[in-house]
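J.: Between the sequences and the hints, there should be enough to build the whole structure, so can you do that?
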Amino acid sequence: MPVTKVLTAGIGEADLRNIDVYRERGGYRQWERAVRELKPGDVLDLAEKSGLRGRGGAGFPTGKKWSFLPAEKPLRYLVCNCDEAEPGTFKDHMLIAEAPHLVLEGILLGSYGIECHHAFIYIRGEFKRGYEIFSAALDEARKAGFVGDDLFGSGFNLEVTVQRGAGAYICGEETGLLNSLEGKRGEPRLKPPFPAIEGLYGMPTVVNNVETLAYLVPILEKGAEWFASVGTERSKGYKIVSVSGHVQRPGNYEVALGTTVREIIDIAGGLRPGRNLMAVQPGGGSSACIFEEQLDLPYDYENMAKAGSMLGSGAFVVFDDSTDFVKAAHNLVRFFAHESCGQCTPCREGGHWLERVLERLVHGRGVSGDYEMLLRVSGGITGLNLCALGDSIEPFLKSVLLRFPEQFRARVLKAKETVPV
Amino acid sequence: MNVNLTIDGVPVSVPKGTWLVEAAKTVQQEIPVYCYHTKLGPAGLCRVCLVDIEGMPKLQIACNTPAAEGMVVRTRGARVEAGRAMILELLLVNHPLDCPICDKGGECDLQDYAMAYARGNSDVVDPKTRKPKAVDLGPTIVLDEERCVVCQRCVRFDDIIADERQLVVKDRGAHDIIATATGSPYRHNFTGNVTELCPVGALTSKTYRFKSRPWDLNRTQTTCTQCAVGCQQFADVRYGTLLRTMSVENDDAISDGWLCDRGRYNIGFYASPDRLTQPLYRKGGSFVQIGWDDAFALWGKAITDAIAAKGTPSVGAIGGGRLTNEEAYVLQYLFRKIGVANLDWRSGRQRQATPGANGGALTDIELAQAIVIAGESIEERAPVLWLRVRKAALRGGATVVHAATPAEAVAALPAGATRVALVWDGIDLARGRAFADAFAGVAELSTYVASEQGNARGAEAMGMLPWSGPGYAAARARGRDAAGMFEDARNGSLAVLSMFGVNPVRNAADGAAVAQALVKVPFVVVSELFLTETADRATLVLPAKGAFEKTGTTLNLAGDLLPVNAAVQAPDGVLSDLEMLLGLAAQLDVDLPRAEELDATVIEHMAHAPEDFGFGDSRFASDVASVPEDVPPATILSGGGTWRHDPTLATLQVETPSSQPVGATA
Ligand SMILES: Cc1cc2nc3c(=O)[nH]c(=O)nc-3n(C[C@H](O)[C@H](O)[C@H](O)COP(=O)(O)O)c2cc1C
Ligand code: SF4
Ligand code: SF4
Ligand code: SF4
Ligand code: FES
Numbered sequence: 045m046p047v048t049k050v051l052t053a054g055i056g057e058a059d060l061r062n063i064d065v066y067r068e069r070g071g072y073r074q075w076e077r078a079v080r081e082l083k084p085g086d087v088l089d090l091a092e093k094s095g096l097r098g099r100g101g102a103g104f105p106t107g108k109k110w111s112f113l114p115a116e117k118p119l120r121y122l123v124c125n126c127d128e129a130e131p132g133t134f135k136d137h138m139l140i141a142e143a144p145h146l147v148l149e150g151i152l153l154g155s156y157g158i159e160c161h162h163a164f165i166y167i168r169g170e171f172k173r174g175y176e177i178f179s180a181a182l183d184e185a186r187k188a189g190f191v192g193d194d195l196f197g198s199g200f201n202l203e204v205t206v207q208r209g210a211g212a213y214i215c216g217e218e219t220g221l222l223n224s225l226e227g228k229r230g231e232p233r234l235k236p237p238f239p240a241i242e243g244l245y246g247m248p249t250v251v252n253n254v255e256t257l258a259y260l261v262p263i264l265e266k267g268a269e270w271f272a273s274v275g276t277e278r279s280k281g282y283k284i285v286s287v288s289g290h291v292q293r294p295g296n297y298e299v300a301l302g303t304t305v306r307e308i309i310d311i312a313g314g315l316r317p318g319r320n321l322m323a324v325q326p327g328g329g330s331s332a333c334i335f336e337e338q339l340d341l342p343y344d345y346e347n348m349a350k351a352g353s354m355l356g357s358g359a360f361v362v363f364d365d366s367t368d369f370v371k372a373a374h375n376l377v378r379f380f381a382h383e384s385c386g387q388c389t390p391c392r393e394g395g396h397w398l399e400r401v402l403e404r405l406v407h408g409r410g411v412s413g414d415y416e417m418l419l420r421v422s423g424g425i426t427g428l429n430l431c432a433l434g435d436s437i438e439p440f441l442k443s444v445l446l447r448f449p450e451q452f453r454a455r456v457l458k459a460k461e462t463v464p465v
Numbered sequence: 005m006n007v008n009l010t011i012d013g014v015p016v017s018v019p020k021g022t023w024l025v026e027a028a029k030t031v032q033q034e035i036p037v038y039c040y041h042t043k044l045g046p047a048g049l050c051r052v053c054l055v056d057i058e059g060m061p062k063l064q065i066a067c068n069t070p071a072a073e074g075m076v077v078r079t080r081g082a083r084v085e086a087g088r089a090m091i092l093e094l095l096l097v098n099h100p101l102d103c104p105i106c107d108k109g110g111e112c113d114l115q116d117y118a119m120a121y122a123r124g125n126s127d128v129v130d131p132k133t134r135k136p137k138a139v140d141l142g143p144t145i146v147l148d149e150e151r152c153v154v155c156q157r158c159v160r161f162d163d164i165i166a167d168e169r170q171l172v173v174k175d176r177g178a179h180d181i182i183a184t185a186t187g188s189p190y191r192h193n194f195t196g197n198v199t200e201l202c203p204v205g206a207l208t209s210k211t212y213r214f215k216s217r218p219w220d221l222n223r224t225q226t227t228c229t230q231c232a233v234g235c236q237q238f239a240d241v242r243y244g245t246l247l248r249t250m251s252v253e254n255d256d257a258i259s260d261g262w263l264c265d266r267g268r269y270n271i272g273f274y275a276s277p278d279r280l281t282q283p284l285y286r287k288g289g290s291f292v293q294i295g296w297d298d299a300f301a302l303w304g305k306a307i308t309d310a311i312a313a314k315g316t317p318s319v320g321a322i323g324g325g326r327l328t329n330e331e332a333y334v335l336q337y338l339f340r341k342i343g344v345a346n347l348d349w350r351s352g353r354q355r356q357a358t359p360g361a362n363g364g365a366l367t368d369i370e371l372a373q374a375i376v377i378a379g380e381s382i383e384e385r386a387p388v389l390w391l392r393v394r395k396a397a398l399r400g401g402a403t404v405v406h407a408a409t410p411a412e413a414v415a416a417l418p419a420g421a422t423r424v425a426l427v428w429d430g431i432d433l434a435r436g437r438a439f440a441d442a443f444a445g446v447a448e449l450s451t452y453v454a455s456e457q458g459n460a461r462g463a464e465a466m467g468m469l470p471w472s473g474p475g476y477a478a479a480r481a482r483g484r485d486a487a488g489m490f491e492d493a494r495n496g497s498l499a500v501l502s503m504f505g506v507n508p509v510r511n512a513a514d515g516a517a518v519a520q521a522l523v524k525v526p527f528v529v530v531s532e533l534f535l536t537e538t539a540d541r542a543t544l545v546l547p548a549k550g551a552f553e554k555t556g557t558t559l560n561l562a563g564d565l566l567p568v569n570a571a572v573q574a575p576d577g578v579l580s581d582l583e584m585l586l587g588l589a590a591q592l593d594v595d596l597p598r599a600e601e602l603d604a605t606v607i608e609h610m611a612h613a614p615e616d617f618g619f620g621d622s623r624f625a626s627d628v629a630s631v632p633e634d635v636p637p638a639t640i641l642s643g644g645g646t647w648r649h650d651p652t653l654a655t656l657q658v659e660t661p662s663s664q665p666v667g668a669t670a
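Chains as they are written, first to last, in the numbering used here: chain A, 45 to 465; chain B, 5 to 670.
Since the hints were made in silico from the structure, they are not lab data.
Incorrect hints may appear among the rest.
[Stated by the list, open to error] Computed cross-link-like contacts, DSSO-like style, restricted to lysine-lysine with a CA-CA straight-line distance of at most 27 Å:
id : chain 1 : residue 1 : chain 2 : residue 2
1  : A       : Lys350    : B       : Lys132
2  : B       : Lys132    : A       : Lys371
3  : A       : Lys228    : B       : Lys524
[Said to hold, decoys possible] Interface residues of chain A toward chain B, partial, derived using beta-carbon atoms under 10 Å:
id : residue
4  : Asn223
5  : Gly413
6  : Gly424
[Claimed, not checked] Where chain B lies over chain A, by a calculated footprint (3+ residues, C-beta under 8 Å):
id : segment
7  : 350 to 356
8  : 376 to 384
Don't be surprised by glycine CBs; every beta carbon is placed ideally from N, CA and C.
T.: In structure tokens:
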């Protein structure tokens, strides 16, 4: 299956940051139609029927998430999550920087769908350029009458606020994000209550990923059936896959869900000549590796889960036979330990401990028992954490420990060598 | 509505929504916790409270899982034990394990749970992370960052109980530390509570560091007498020295489980070298030490001679607010027996301590929709009462009103408020009456007087008022109040004045005038722990026991009868006020009631609910019309002046008025 450009259509060809260009290509028409002709419930219906699932990592059905908002509480918020810090993910930044109006239109449609009058977009601190581009687009849209009060004379008001983060991965976790947005320390909240019940400033809140919201635009334009007709049984529509690692043409590729893993590698130009594939991490730093024998699996939520991994945010990292998996594992575990907010014991202490043991191994100063400790402790902390970050430490590490044990064992000092550190 | 579930096979029925950790307590199953605390609620941070719930794929945290109908919960079993062992192993990875020099050793939840649930060995081969140790957090507390398990109880206490938000978590991940948000010293009225909340030895009290081991402590439960709240507390004594006081966690009715820093830390004065240990008699210009027999003889003779020469109006006694009920009772009993009617506890600015009709229980404050503070701020006068007011505001949504006039207070009430708590300082009767009148129509009004002295209300109930005997029964003869006695003194008509635990030279509205008046009294007796401004002007100074050295009862501002229990031995040569009164009674040939009679009498008079008066009743009015307006009042700190003799408190107590001016609206 080839690349299909839906959200990515026009990127690199036209200046989509220009509101006129965007409008010439049909931009904001769905927004106007929604406000003029549709009821919020219709938008929710479309989201539900399209089978759209969250593109931020958890893959939660979008329409269902919206339906959790308590009807009796009219004050509610939509928050667009553009913290994008998952290792290997770089699609949301592209969208806000290259197609800011599309993202904004998605936010507007989502807000209408849940009947909220104030939406926020939380942009990762490092995305300065994307922030500037998006803010400019928002100003233009406001001038054009797409954001503000009494939109299209309908009496519907909608304000959008842009907020920059300070570059913490944990502020991408939805409740960490909400805390940060409120000006508090960026650490996840204890759930329940879930954001749909008590979110931003204690009000019912929907947090959706940039890509998720952006897909609302083509879904409104072409219909829920169009979206639902693509993909596999429980993974509908398209997905932007951020392919990186040992491929010849890394980049963002939009494909129908269900395209095989092998096809995605090929779309990205395949491996470098003379190299063999060792592993693919299909769903971001939090996902386990899949291997050679799993390359023909369809790339969708169910099959990645069945293979013991996940589709996650669509960050697709390819490893060839030049990979030092001890270093790779150390790199990822160090990332999680560094980004741990430190609230809960398993993630704070476990991540840090694993990182230090891996660091020793990277430098060839392992001791006997390290290999077993890595397996035991990474497995032991999983499932005990307050948020999903802590549970993200094990999958990659475990998958490469089991697949490439010799790479780890080779780093253990022999008995006659000196004591560690 | 109750739900039925089983915990370790035992059927349990608890109200819907009860956290499993609380439900398990009802069947005596221990679930270990670090971050959870009954008064702070769940935080879900430490993850040690893991339980196995049938039908759930993962272990769940008992602190944040509500009991549900039909739930099958296991607090033991291989899965639970593996999870807990993992958490403890992780907590110990970077823990310094310096138990031998840690104050918490022996009462540490990390030690206890590690013994109970951990593996007993470790795979750690790397060095532990280093963090700052012995961080001087503020005047009261030292923090060891390495021992911290980041349960955030201290941070949450500061936020949701004290409403101070000084303590925060700084940095991230394994490098996080506890610190004050601004970097300035950690300092407010309730800091010491975090040392008790801290499950490990990270937060320790400066006053207790390196002083003892818990197994060397003798523990006595008693009542804090430093203000009129009457918080229950444990007095921990090592080899005869009072080393610390600790809160009583289930004391929901009085302290709600907290202590203020004064109640907790102002205890060093018991061992102060400044303490009086022998009666002092003024000869010529200076004091000489005398024995108790001589002291009683001189005292008794002075009274007998005065009555013979000038009649009973020439004799008076002031005190009661710092005595036990039993002592206050015996004090008025003895003097009334010999015909003396000049009796009063009110040596300071306060006129009234008993709220009368509408007096409420402390817990009623939490039900109030509005809490009106009429008069001085209660933060200094009754610190832990202030915590309860904050609780009502923070969690019950009550409005706290500091108002200069009743009209302002009424205007600040939330619409339709039917439950109001009114707290008054008991100083200005007209103001008290005006506020009470303004709220008379409120359906559920509960009133409180935040007194300057711990047992002020007890003194009134025991009859230390010039117009009433025990149980507020009208006295046979009406005497002069304290201000009246000082006026008599100035006129030269007062011959013997006996004062017990009062310091009017410092605390009366016009202390300087009191000082001048005392010069004119031929025989002034002062029972005190220290040579206070007043004692220094006495003819006879009697060294007294403090509250931790005697046994009796006290009556707090809400009318709760509370036990005072001796925890330490007083220095040799020091007597309680009761023992002094016994000595005096022998000189005056008065038979005092026996101990059992006394207990029964006290309880009987306590039971008298004084219903026939309210705030500002005219009977509490002063014999002396006016008090000069331009004299600045001394601050009434709970604990009185004792803190000046407690070197560890030098930085904590500031003798400047910190009471909020009347008129500030919260
Ligand atoms: C540690 C962590 C980091 C996350 N980072 C992001 C992120 O950067 N962007 C994002 O959209 N979702 C992120 N998520 C997922 C969000 O919590 C949330 O599920 C998502 O924003 C929901 O949007 P969706 O339903 O549209 O996918 C993260 C989750 C975790 C646990
Ligand atoms: S799992 Fe990690 S990031 Fe998540 S709350 Fe716990 S310490 Fe923070
Ligand atoms: S200092 Fe004590 S109470 Fe505070 S977070 Fe650390 S362990 Fe918990
Ligand atoms: S001084 Fe008052 S508030 Fe403080 S601990 Fe003692 S009784 Fe409680
Ligand atoms: S007590 Fe439950 S997580 Fe800490």
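J.: Is the straight-line distance between the alpha-carbon of lysine 228 (chain A) and that of lysine 524 (chain B) 27 Å or less?
T.: violated, 65 Å
J.: Mind checking the CB of glycine 413 (chain A) against every CB in chain B and telling me if the closest is under 10 Å?
T.: holds, 6 Å
J.: Go check the segment 376 to 384 of chain A versus chain B for me, would you? Three or more residues, Cβ under 8 Å, otherwise it fails.
T.: holds (count 4)
J.: Given the proposed pairing of lysine 132 (chain B) with lysine 371 (chain A), does the C-alpha separation stay at or below 27 Å?
T.: holds, 23 Å
J.: Under 10 Å is the threshold here; is the Cβ of asparagine 223 (chain A) close enough to any Cβ of chain B for the hint to stand?
T.: Violated - the Cβ of asparagine 223 (chain A) stays beyond 10 Å from chain B, reaching only about 12 Å at its closest.
J.: Interface hint check: glycine 424 (chain A), Cβ to nearest Cβ on chain B, cutoff 10 Å. Holds or violated?
T.: Glycine 424 (chain A) check passes; min Cβ-Cβ to chain B is 4 Å, inside 10 Å.
J.: Hey, lysine 350 (chain A) versus lysine 132 (chain B), does the alpha-carbon distance stay inside 27 Å?
T.: The given pair, whose Cα atoms are some 39 Å apart, is violated under the 27 Å limit.
J.: How does the coverage statement for the segment 350 to 356 of chain A fare against chain B, requiring three or more residues with Cβ below 8 Å from a Cβ of that chain?
T.: n = 0 at 8 Å, threshold three: violated.
The structure fails to meet hints 1, 3, 4 and 7 from the earlier list, while all remaining hints are met.
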